[in-house]
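Student: Spelled out, the chains give:
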Amino acid sequence: AQSVSQHNHHVILSEAASLELGCNYSYGGTVNLFWYVQYPGQHLQLLLKYFSGDPLVKGIKGFEAEFIKSKFSFNLRKPSVQWSDTAEYFCAVASNTGKLIFGQGTTLQVKP
Amino acid sequence: GAGVSQSPSNKVTEKGKDVELRCDPISGHTALYWYRQSLGQGLEFLIYFQGNSAPDKSGLPSDRFSAERTGGSVSTLTIQRTQQEDSAVYLCASSLGKAGGQETQYFGPGTRLLVL
Numbered sequence: 390a391q392s393v394s395q396h397n398h399h400v401i402l403s404e405a406a407s408l409e410l411g412c413n414y415s416y417g418g419t420v421n422l423f424w425y426v427q428y429p430g431q432h433l434q435l436l437l438k439y440f441s442g443d444p445l446v447k448g449i450k451g452f453e454a455e456f457i458k459s460k461f462s463f464n465l466r467k468p469s470v471q472w473s474d475t476a477e478y479f480c481a482v483a484s485n486t487g488k489l490i491f492g493q494g495t496t497l498q499v500k501p
Numbered sequence: 016g017a018g019v020s021q022s023p024s025n026k027v028t029e030k031g032k033d034v035e036l037r038c039d040p041i042s043g044h045t046a047l048y049w050y051r052q053s054l055g056q057g058l059e060f061l062i063y064f065q066g067n068s069a070p071d072k073s074g075l076p077s078d079r080f081s082a083e084r085t086g087g088s089v090s091t092l093t094i095q096r097t098q099q100e101d102s103a104v105y106l107c108a109s110s111l112g113k114a115g116g117q118e119t120q121y122f123g124p125g126t127r128l129l130v131l
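First to last, the protein sequences are chains L and R.
Residue numbers are given in my numbering: position 90 of the first sequence equals residue 479, and the series is strictly consecutive.
Residue numbers are given in my numbering: position 29 of the second sequence equals residue 44, and the series is strictly consecutive.
Just chain L, with the same shape it has in the complex (with noise of 0.2 angstroms):
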C-alpha cells in the first residue's frame, strides 16, 4: 500500500538552528515527491518537488530536499531557520493521476 511517514511530528527549534525533517515513503509506481507547508492561517503551499533528475532539489525561502531512493527518503532541509518558517510541514508523494498521498505533518515551532 502506498504511504508516507513522518517521524518528527512537533519539532522546536531557536532561529538559526539547523532543520532537518524525516520523510519515508512506501511506493511502487513512479516516484513523485513533494513537500507543503501551511503558514498559520493561510492556504497549503508547495515547498518544492522532485520526480526525477538532480536528487537534490532547491525550492522556496532556502528550503532544499534530498531523494535518496536506497532508503526511500525525502527529507527537508534548511541551514538556518527563521521565526517566519513557524508552520505544518507535509510530505507527499503523489500517483500518476497527481492523487496525493500525505504523512501526518510536522509542526515546526521557531522561538525568536
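To be clear, the hints were calculated from the coordinates, so they are not data collected in a lab.
Be aware that a few hints might be false.
[To be verified] Per label pair, the in silico range of CB-to-CB distance:
id, chain 1, residue 1, chain 2, residue 2, range
1, L, Gly417, R, Asn25, 26 to 34 angstroms
2, R, Gly18, L, Thr486, 20 to 28 angstroms
3, L, Gln391, R, Lys30, 13 to 21 angstroms
[Claimed, not checked] Derived DSS-like pairs: lysine-lysine, alpha-carbon spacing no greater than 30 angstroms straight-line:
id, chain 1, residue 1, chain 2, residue 2
4, R, Lys72, L, Lys450
5, L, Lys438, L, Lys458
6, L, Lys500, L, Lys438
7, L, Lys500, L, Lys447
8, L, Lys438, R, Lys72
9, R, Lys72, R, Lys26
10, L, Lys438, R, Lys113
11, L, Lys500, L, Lys450
12, L, Lys460, L, Lys447
13, R, Lys30, L, Lys458
14, L, Lys447, R, Lys113
15, L, Lys460, L, Lys450
16, L, Lys438, L, Lys450
17, L, Lys447, L, Lys458
18, R, Lys30, R, Lys72
Beta carbons are placed, not taken as given, at the ideal position from N, Cα and C, and that holds for glycine.
Model the placement of chain R on the given structure of chain L, informed by the hints.
Tutor: Same frame as chain L, now just chain R:
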C-alpha cells in the same frame, strides 16, 4: 490571478442534515481534487476530477459522500446525513491536468465543517 476559492468557509450543521461544499478552481485547470484534513486522520484524498469525469473516487469514505463537477469548472462535494465523524476541514485543490503526478496542486482555504 485568482486562486482556488471555497465556500462556505465555515459550516455548522446538525447530525443527519445534508451539506454542500463548493470549490471554484483556478481558471483553466482541468484537474480538481478534494481532500479532508482532520485531527485523527491527517490529510486524506477523497476524489479526483479530470474535466467533468471522476476517474478516481477511491477516497470517498462512504456512499453518503458524493461529488460532481460541471462545465469543467466548479465542483460540489455533498455529504448526506452528516455524522459527527465528518467534522473536518475539506480542502479543494486544482492543477493544470497535463502532467499528472508531476504537477503542483494549488489549494483553497478550505471549508471547516462541524457536525453537532
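Student: Given the hinted pair Lys460 of chain L and Lys447 of chain L, is their alpha-carbon gap at most 30 angstroms?
Tutor: Holds - the C-alpha atoms of Lys447 of chain L and Lys460 of chain L are around 20 angstroms apart, at most 30 angstroms.
Student: Given the hint that Lys72 of chain R pairs with Lys450 of chain L, test it: the Cα-Cα distance must not exceed 30 angstroms.
Tutor: Violated - the C-alpha atoms of Lys450 of chain L and Lys72 of chain R are around 35 angstroms apart, more than 30 angstroms.
Student: In this structure, is the beta-carbon distance linking Gln391 of chain L and Lys30 of chain R contained in 13 to 21 angstroms?
Tutor: 32 angstroms, violated
Student: Given the proposed pairing of Lys438 of chain L with Lys72 of chain R, does the C-alpha separation stay at or below 30 angstroms?
Tutor: 25 angstroms, holds
Student: Holds or violated: Lys447 of chain L with Lys458 of chain L, Cα cutoff 30 angstroms?
Tutor: 17 angstroms, holds
Student: Check the following: the C-beta atoms of Gly18 of chain R and Thr486 of chain L are separated by a distance inside 20 to 28 angstroms.
Tutor: 22 angstroms, holds
Student: Is the Cα-Cα distance between Lys30 of chain R and Lys72 of chain R 30 angstroms or less?
Tutor: Given pair Lys30 of chain R, Lys72 of chain R holds - Cα atoms ~24 angstroms apart, limit 30 angstroms.
Student: For a C-alpha distance cap of 30 angstroms, please report whether Lys438 of chain L and Lys113 of chain R respect it.
Tutor: At roughly 17 angstroms apart (the allowed maximum being 30 angstroms), Lys113 of chain R and Lys438 of chain L satisfy the hint.
Student: Checking one constraint from the list: CA of Lys500 of chain L to CA of Lys450 of chain L, max 30 angstroms. Satisfied?
Tutor: Since the Cα atoms of Lys500 of chain L and Lys450 of chain L sit roughly 18 angstroms apart, the hinted pair holds (cutoff 30 angstroms).
Student: Verify the proposed pairing of Lys500 of chain L with Lys438 of chain L, using a straight-line Cα cut of 30 angstroms.
Tutor: Roughly 27 angstroms separates the two Cα atoms, so the pair holds.
Student: Holds or violated: are the alpha carbons of Lys30 of chain R and Lys458 of chain L at most 30 angstroms from each other?
Tutor: Given pair Lys30 of chain R, Lys458 of chain L is violated - Cα atoms ~46 angstroms apart, limit 30 angstroms.
Student: Straight-line Cα separation of Lys438 of chain L and Lys450 of chain L no greater than 30 angstroms?
Tutor: The given pair, whose Cα atoms are some 14 angstroms apart, holds under the 30 angstroms limit.
Of the numbered hints stated above, those contradicted by the structure are hints 1, 3, 4, 13, listed in ascending order.
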